[in-house]
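Engineer: Sequences and hints are given; from them, build the entire structure.
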Amino acid sequence: MYHHRLQSAVSNSNAFWFDIKMRVSLILLILGILELILKIFRCVLGEYYSLFWIHLIFLIALFYWPQYISGRFPQRTGLFSAEFRLFLSALIKAAYYLLFVSVIFVLILFIFRKTITDSMLFLPLLLLWPIYVFEQTKHNFKPAILPFTISMVTMVAIQFTNPANPKLETFNAYLKDFEAVVSMVKNKEIKPDDAGKSEAELPCQYRHLVGCPNRKIRIENSGNAKVIYFCNELKMWGAGREEFIYISDGKDISVKSAGNASLEIRKLRDNWFWKVEEFDSANG
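Per the numbering used here, the very first residue in the sequence shown carries number 1; after that it's consecutive.
Don't read these hints as lab results, they were simulated from the structure. Some hints here could point you the wrong way.
[Stated by the list, open to error] No more than 30 Å apart at the CA atoms, straight line, and that leaves these computed lysine-lysine pairs for DSSO-like:
1) Lys176 <-> Lys93
2) Lys39 <-> Lys21
3) Lys114 <-> Lys93
4) Lys142 <-> Lys93
5) Lys226 <-> Lys256
6) Lys275 <-> Lys188
7) Lys226 <-> Lys267
8) Lys251 <-> Lys226
9) Lys176 <-> Lys138
10) Lys114 <-> Lys275
11) Lys93 <-> Lys191
12) Lys226 <-> Lys186
13) Lys114 <-> Lys267
14) Lys226 <-> Lys191
15) Lys275 <-> Lys191
16) Lys186 <-> Lys216
17) Lys93 <-> Lys21
18) Lys186 <-> Lys176
19) Lys138 <-> Lys114
20) Lys267 <-> Lys216
21) Lys138 <-> Lys256
22) Lys167 <-> Lys21
23) Lys167 <-> Lys39
24) Lys167 <-> Lys188
25) Lys114 <-> Lys256
26) Lys114 <-> Lys167
27) Lys275 <-> Lys167
28) Lys39 <-> Lys267
29) Lys267 <-> Lys191
30) Lys186 <-> Lys138
31) Lys114 <-> Lys21
32) Lys93 <-> Lys167
33) Lys251 <-> Lys167
34) Lys186 <-> Lys167
35) Lys267 <-> Lys251
36) Lys235 <-> Lys251
37) Lys235 <-> Lys39
38) Lys226 <-> Lys188
39) Lys176 <-> Lys226
Structural biologist: The structure is reproduced here in structure tokens:
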């Protein structure tokens, strides 16, 4: 009798954790698919929504489910008050994490002058979050394996959803997109944001052509020629800049680095140039 009861208890416990595991995994799978679909098709959907809220929901879920599945509250997870405490705990942890990555983003932006993308929100989590999951579920890790795998696969996939910025070596691969932007500028579909200024925001599908933090092109007139600057990269502490340049009249503006140590302009093809410029902090 005792052996039968023990087997029944073990069976019920296994069924309970299997049910918990599958429910958590299904929710994470839905959230992960939603995150990736909205991220990948954001431009097609017209940017009518903010990805921040989608990211925040997924982030809260990442901090919530390890507590839920840890087994520390096996008798109380069905109660609203206990569930609310778990949710509040996950929300606070997500808020602390956002504060942490905000500091990192400030350093990246102002020291390294690199572009900040929403995908970077989950990049530190790939290293830090597995430690958190293990700490929460180390006494009951088996039910966490499937949701952990789904979460990690989603976060890794997010890192590949942003198109790479063009580099000198890959310029030809992006030429069609560059030419499309030039055509839009000529047709006045892309214009400076404000009168008297030269910067213009690119449509969503072409923002990856600019690697500098503001994601904008500069449009200037030089005589009868129109000049468009696609900033590619700012050097650390603003010590220099690399950019692609389009000149409508095709005038050769090449400058060899040997003649000017702080400036090099290389012709890539008709109308297109690559510029590398270094300047001191006073001019940066």
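Engineer: Are the hints correct? Go through all of them and say.
Structural biologist: A quick look at each hint next to the structure:
Distance restraint check for lysine 176 and lysine 93: the Cα-Cα separation of roughly 44 Å exceeds the 30 Å cut-off, and the hinted pair is therefore not satisfied. Annotation: proposed proximity of lysine 39 to lysine 21 holds, straight-line Cα distance about 26 Å (limit 30 Å). For the hint linking lysine 114 to lysine 93, the alpha-carbon distance of about 27 Å falls within 30 Å, and the restraint holds. Our distance criterion of 30 Å between C-alpha atoms is met by lysine 142 and lysine 93, whose separation comes to about 24 Å.
A C-alpha spacing of about 23 Å is found between lysine 226 and lysine 256, which places the hinted pair at or below 30 Å, so the restraint holds. Between lysine 275 and lysine 188 the alpha-carbon distance is near 25 Å, which keeps this suggested pair within the 30 Å criterion. With a C-alpha separation of about 17 Å, the suggested pair lysine 226 and lysine 267 falls inside the 30 Å cut-off, and the hint holds. A C-alpha spacing of about 11 Å is found between lysine 251 and lysine 226, which places the hinted pair at or below 30 Å, so the restraint holds.
Proximity of lysine 176 to lysine 138 is assessed by CA-CA distance (about 52 Å); at most 30 Å being required, the pair is judged violated. A distance of roughly 18 Å separates the Cα atoms of lysine 114 and lysine 275; the hinted pair therefore holds under the 30 Å criterion. Simply put, lysine 93 and lysine 191 have alpha-carbon atoms about 42 Å apart, too far for the 30 Å limit, and the pair is violated. A distance of roughly 9 Å separates the Cα atoms of lysine 226 and lysine 186; the hinted pair therefore holds under the 30 Å criterion.
Between the alpha carbons of lysine 114 and lysine 267 the distance comes to roughly 25 Å, so the proposed pair stays at or under 30 Å and holds. Between the alpha carbons of lysine 226 and lysine 191 the distance comes to roughly 12 Å, so the proposed pair stays at or under 30 Å and holds. Taken as a hint, the lysine 275 and lysine 191 pair is honoured in the structure, with Cα atoms around 23 Å apart against an allowance of 30 Å. Restraint check for lysine 186 and lysine 216: the C-alpha separation of about 16 Å stays at or below 30 Å, so the hint holds.
Taking the CA atoms of lysine 93 and lysine 21, the gap is near 22 Å; set against the 30 Å cutoff, the hint holds. Distance hint between lysine 186 and lysine 176 is fulfilled; the C-alpha atoms sit about 15 Å from each other, no more than 30 Å. Distance hint between lysine 138 and lysine 114 is unfulfilled; the C-alpha atoms sit about 37 Å from each other, more than 30 Å. Note on lysine 267 and lysine 216: the hinted pairing holds, with a Cα-Cα distance of about 22 Å set against a maximum of 30 Å.
Using a Cα cut-off of 30 Å, the hinted pair lysine 138 and lysine 256 is violated, with the two alpha carbons roughly 61 Å apart. Restraint check for lysine 167 and lysine 21: not satisfied, since their Cα atoms lie roughly 44 Å apart, outside the 30 Å limit. A hinted pair counts as satisfied when its Cα atoms are at most 30 Å apart, and lysine 167 with lysine 39 qualifies at roughly 23 Å. Between lysine 167 and lysine 188, the direct Cα distance comes to roughly 27 Å. Compliance with the 30 Å bound is thereby established for this hinted pair.
Under the criterion of a C-alpha separation no larger than 30 Å, the hint pairing lysine 114 with lysine 256 is consistent with the structure, at around 26 Å. Between lysine 114 and lysine 167 the alpha-carbon distance is near 14 Å, which keeps this suggested pair within the 30 Å criterion. A distance of roughly 12 Å separates the Cα atoms of lysine 275 and lysine 167; the hinted pair therefore holds under the 30 Å criterion. Between lysine 39 and lysine 267 the CA atoms are separated by roughly 35 Å; this puts the pair beyond 30 Å, and the hint is violated.
Taken as a hint, the lysine 267 and lysine 191 pair is honoured in the structure, with Cα atoms around 26 Å apart against an allowance of 30 Å. Distance restraint check for lysine 186 and lysine 138: the Cα-Cα separation of roughly 61 Å exceeds the 30 Å cut-off, and the hinted pair is therefore not satisfied. Of the supplied pair hints, the one linking lysine 114 and lysine 21 is violated, its CA atoms being roughly 40 Å apart against a limit of 30 Å. At most 30 Å may separate the alpha-carbon atoms for a hinted pair to count; lysine 93 and lysine 167 exceed this at roughly 37 Å.
For the hint linking lysine 251 to lysine 167, the alpha-carbon distance of about 23 Å falls within 30 Å, and the restraint holds. The suggested pairing of lysine 186 with lysine 167 holds, with an alpha-carbon distance near 24 Å, which does not exceed 30 Å. Restraint check for lysine 267 and lysine 251: the C-alpha separation of about 10 Å stays at or below 30 Å, so the hint holds. This hinted pair checks out: lysine 235 and lysine 251 have alpha carbons roughly 27 Å apart, not beyond 30 Å.
For a cut-off of 30 Å, the pair hint linking lysine 235 to lysine 39 stands: about 28 Å separates their Cα positions. Straight-line distance between C-alpha atoms of lysine 226 and lysine 188 comes to about 12 Å, which keeps the hinted pair within the 30 Å bound. Of the supplied pair hints, the one linking lysine 176 and lysine 226 holds, its CA atoms being roughly 19 Å apart against a limit of 30 Å.
When held up to the earlier numbered hints, the structure conflicts with 1, 9, 11, 19, 21, 22, 28, 30, 31, 32 and fits the remainder.
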